[in-house]
Structure formats: C-alpha cells, structure tokens
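Protein sequence lines, in the order shown, are assigned to chains A and B.
Number 123 in our numbering belongs to position 112 of the first sequence; there are no gaps in the numbering.
Number 167 in our numbering belongs to position 165 of the second sequence; there are no gaps in the numbering.
A hint or two may mislead.
[Stated by the list, open to error] Among chain A residues calculated to face chain B with C-beta under 10 Å, some are:
1. I23
2. L31
3. V38
4. I40
5. L55
6. K59
7. N60
8. S102
9. I109
[As the list claims (entries may be wrong)] Some chain A residues flagged as far from chain B (calculated, every beta-carbon gap over 12 Å):
10. Q20
11. A51
12. Q63
13. E71
14. Y83
15. C87
16. A89
17. I90
18. I94
19. S120
20. S121
21. H130
22. N132
23. T136
24. N141
For the record, the hints were derived by calculation from the structure and aren't laboratory data.
Idealized CB from N, CA, C, for every residue including glycine.
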Amino acid sequence: MEGMKTEGQWIIMMGFLVSLGIFFLAVIISQSTLVGQTTAEGVLEFPKNDIQDIRHDILEVEYFNRTCPSIYGSACGAISDNISREIQQISLYRKSAIVSYTFSSPSCSSGSTRTVNIHYNNGVTDYDENTITINC
Amino acid sequence: MVKEGAQLYTMEGIAAGLIMLLTTYLVLGSTSVYTPGDTHITDMQLEQVGSDILRVMDTPRNLTNSLQPNRTDLELMVSSTNGATFNTMFMSTYLCRTQNPLPVAKAISPECSDLQMNAGIWYVNKSNLLQNNPLYNPPLGTYSSLGPGVRVTHWIQTNLTGSGVPNVRNEPQEVLVEVLIWKA
C-alpha cells in the first residue's frame with residue numbers, strides 16, 4: 012500500500028457526489044409529473060359548468076319566487092316547494108350532485124336586498140355561496 | 003507484482019452503473035403516469051363549447067320580455083319538442099358554423115359533419131317521478147363512435163303545460179336539457 016497512488020479516492024468521492032445529485036434531480040422529476048397529473052385531474056374534475064348553470068337557474072328561480080304571487084297567487088308556496096324538490100331530485104339522479112338553496116324572506120321596502128344561499132356538493136367539489144339580489 | 007489501483011476504478015464503475023440504472027428506472031417510471039391527464043383535453047374543449055352553445059340558446063332575444071315563460075329559443079324548442087330545429091341550430095348555427103365568426107369546434111374537428119348529437123329532457127312528472135322525453139335522436143347508423151362522447155346539460159325554468167310533453171305537472175317547473183355529443 013505504500014507505493015499506491017491516492018488520487019483514485021478523489022475520483023470515487025466526486026463520483027458519489029455527482030451521482031447523488033443526479034439521483035435527487037431524478038426524484039424531483041418524478042414528483043413533478045405526479046404534481047402535473049394531480050393538477051390536470053383537479054381541473055378536469057371541477058364541475059365549473061355545472062356550478063355556473065345551477066347558479067344561473069337558481070337566480071332565475073329566485074326571480075320567479077319574487078314575482079310569482081302576482082301571477083299565481085296563493086298557489087305560489089306549493090309551486091316553489093315543487094321547484095325546489097325538482098332541482099334536488101334531478102340533480103341527484105342526473106348530475107350526481109346534492110343541490111339545495113334558500114332565499115331570505117322578501118320585503119318590499121326600498122333599497123332592501125334578498126340573500127340567496129346556494130349549496131352544491133357532488134362528492135368531489137363542495138360549493139357554497141351567499142349572494143345578494145335586488146328585492147322587489 | 004500486481005497493481006491494486008484498478009480495484010478503485012472498478013468499484014467506481016459499478017457504483018456509477020448502478021446509479022445510472024436507478025435514474026433510468028425512475029425517469030421511465032415517471033413518464034408512464036402522464037397519460038391519464040392529457041387524454042380528455044379535447045373532450046373538455048368540446049364539453050365547454052357544447053355548454054356555451056346551450057347557454058347562448060337560452061339567452062332571450064328580446065330583453066324587454068326577459069324572464070317570461072318561453073322567452074328563449076331553447077325554452078321554445080323544448081316546450082314544442084322541436085328536435086329538428088334544435089339539431090339544426092345546435093350543429094349548423096353554432097357548433098359547425100361555416101360562415102364567420104367561425105366557432106371553436108372547427109379547430110377540434112375540421113370536418114365538422116362527423117360530430118353527432120342526441121338530446122333529451124329530464125323533468126319530474128305528475129307522479130313525482132323522474133321522466134325522460136327525447137328531443138332529438140340522430141338517424142340510425144350514426145350511433146357508432148370513434149371516441150368518448152361528452153354530455154352537456156343546461157337547466158331551464160319553464161312551464162310545459164299544454165306542450166305535448168307527456169305527464170307534465172301543470173305549473174312552472176324545472177327541466178334539465180341533456181345533450182350527448184360524440185364523433186361518429
């Protein structure tokens with residue numbers, strides 16, 4: 012061992028360092044594709060159109076609910092209950108989503124507003140909204 | 003006398019080889035996860051376009067009588083079960099329009115004639131049960147598909163009383179318009 016050159020030890024040490032670096036880079040690369048997939052799945056699974064659509068419809072129902080008494084009189088309570096049940100039933104069976112909404116009671120004083128509460132859950136996405144519309 | 007220096011180089015060679023194998027394994031393994039993400043991107047685009055078309059069709063032409071029953075093209079076609087007009091409007095006017103402004107679907111499918119659609123409505127009938135009424139069925143022979151179909155839906159609040167749709171409740175109600183689009 013006396014006459015042996017020791018430069019080889021440096022080569023081994025540098026080799027290990029470089030390979031450790033490459034190894035960590037590889038781990039990062041493999042993680043990044045996984046992250047990309049999760050993000051893509053998140054975008055695909057988010058029911059953007061369903062939420063926009065049900066929201067648009069519920070706001071129309073709110074308008075109907077407000078103007079209903081002048082057209083249908085005392086039948087309005089039953090009609091509104093039916094509409095609410097129809098939305099729940101159809102969303103559950105055709106859209107696999109639980110949808111419910113409530114309106115605060117209407118009052119016709121000037122400048123008053125009405126709160127619309129929308130709840131949507133399709134098992135993956137849970138969406139709750141409190142929005143305010145014009146009253147009367 | 004045998005020199006021992008070469009042993010170190012051999013060890014380094016083996017270590018480097020192992021690490022390269024491990025790296026290749028990791029890199030190859032990671033790319034195979036990539037497929038589920040990008041296969042549905044074109045479907046997503048078609049779904050978005052279809053959803054937008056239904057929304058445009060449910061926009062009142064005349065703002066003064068907005069929020070009246072049957073005020074939009076979509077509501078009129080649903081309450082009169084006018085599937086032929088629905089199909090023409092959905093496919094020719096919007097999805098596969100050939101005049102400017104050209105729609106996005108042209109980019110998806112240069113020959114738009116290979117897109118097919120099937121439409122129907124869902125509502126709660128007199129017995130409180132969910133019922134389906136077809137709006138448009140494509141001709142027989144177009145039901146084969148080259149790829150996955152997309153389903154787009156739109157809620158409308160309307161009154162189907164006296165519309166010819168069977169078993170409807172005689173009062174304002176909720177209707178879900180469902181359109182299935184696929185590449186035939």
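Tested hints:
Restraint check, I23 of chain A versus chain B: the minimum CB separation of about 5 Å is within 10 Å; hint holds. The beta carbon of L31 of chain A comes within 8 Å of a beta carbon in chain B, closer than 10 Å, and the hint placing it at the interface holds. The closest approach between the C-beta of V38 of chain A and any C-beta of chain B is roughly 7 Å, which is under the 10 Å cut-off, so the hint is satisfied. The interface hint given for I40 of chain A holds, since its Cβ lies 6 Å from the closest Cβ of chain B, which is under the 10 Å cut-off.
Because the beta carbon of L55 of chain A sits about 6 Å from the nearest beta carbon in chain B, less than 10 Å, this interface hint is met. At its closest, the beta carbon of K59 of chain A sits 9 Å from a beta carbon of chain B; the interface hint therefore holds under the 10 Å criterion. The interface hint given for N60 of chain A is met, as the beta carbon of that residue sits about 4 Å from the closest beta carbon of chain B, less than 10 Å. Satisfaction of the interface hint for S102 of chain A is found here, the shortest Cβ-Cβ separation to chain B being roughly 8 Å, below the 10 Å cut-off.
For the restraint placing I109 of chain A at the interface with chain B, the shortest Cβ-Cβ distance is roughly 15 Å, beyond the 10 Å limit, so the hint is violated. With a least beta-carbon separation of about 7 Å from chain B, Q20 of chain A fails to lie farther than 12 Å from that chain, contradicting its non-interface assignment. The beta carbon of A51 of chain A is not kept farther than 12 Å from every beta carbon of chain B, the shortest such distance being approximately 4 Å. At the 12 Å boundary, the C-beta of Q63 of chain A falls inside the reach of chain B, the nearest C-beta of that chain being 8 Å off.
With a least beta-carbon separation of about 5 Å from chain B, E71 of chain A fails to lie farther than 12 Å from that chain, contradicting its non-interface assignment. Residue-level check failed: Y83 of chain A sits 8 Å from the nearest beta carbon of chain B, not beyond 12 Å. For C87 of chain A, the non-interface assignment is contradicted: its Cβ lies about 10 Å from the closest Cβ of chain B, within the 12 Å cut-off. The claim that A89 of chain A lies off the interface is violated: its Cβ sits roughly 8 Å from the closest Cβ of chain B, which falls inside the 12 Å cut-off.
Distance check on I90 of chain A: its Cβ comes as close as 5 Å (rounded) to a Cβ of chain B, failing to clear the 12 Å threshold; non-interface status is violated. Distance to chain B contradicts I94 of chain A as a non-interface residue, since its nearest Cβ pair spans about 6 Å, not more than 12 Å. Look at S120 of chain A: its CB is around 22 Å from the nearest CB on chain B, clear of 12 Å, so calling it non-interface holds up. No beta-carbon of chain B comes within 12 Å of the beta-carbon of S121 of chain A; the shortest separation is about 21 Å.
No beta-carbon of chain B is positioned within 12 Å of the beta-carbon of H130 of chain A; the least distance is around 16 Å. At roughly 17 Å from the closest C-beta of chain B, the C-beta of N132 of chain A stays outside 12 Å, upholding its exclusion from the interface. T136 of chain A, annotated as away from the interface, keeps every beta carbon of chain B farther than 12 Å; the closest lies near 16 Å. N141 of chain A, annotated as away from the interface, keeps every beta carbon of chain B farther than 12 Å; the closest lies near 20 Å.
In this structure, the earlier hints numbered 9, 10, 11, 12, 13, 14, 15, 16, 17 and 18 are contradicted, and the remaining ones agree with it.
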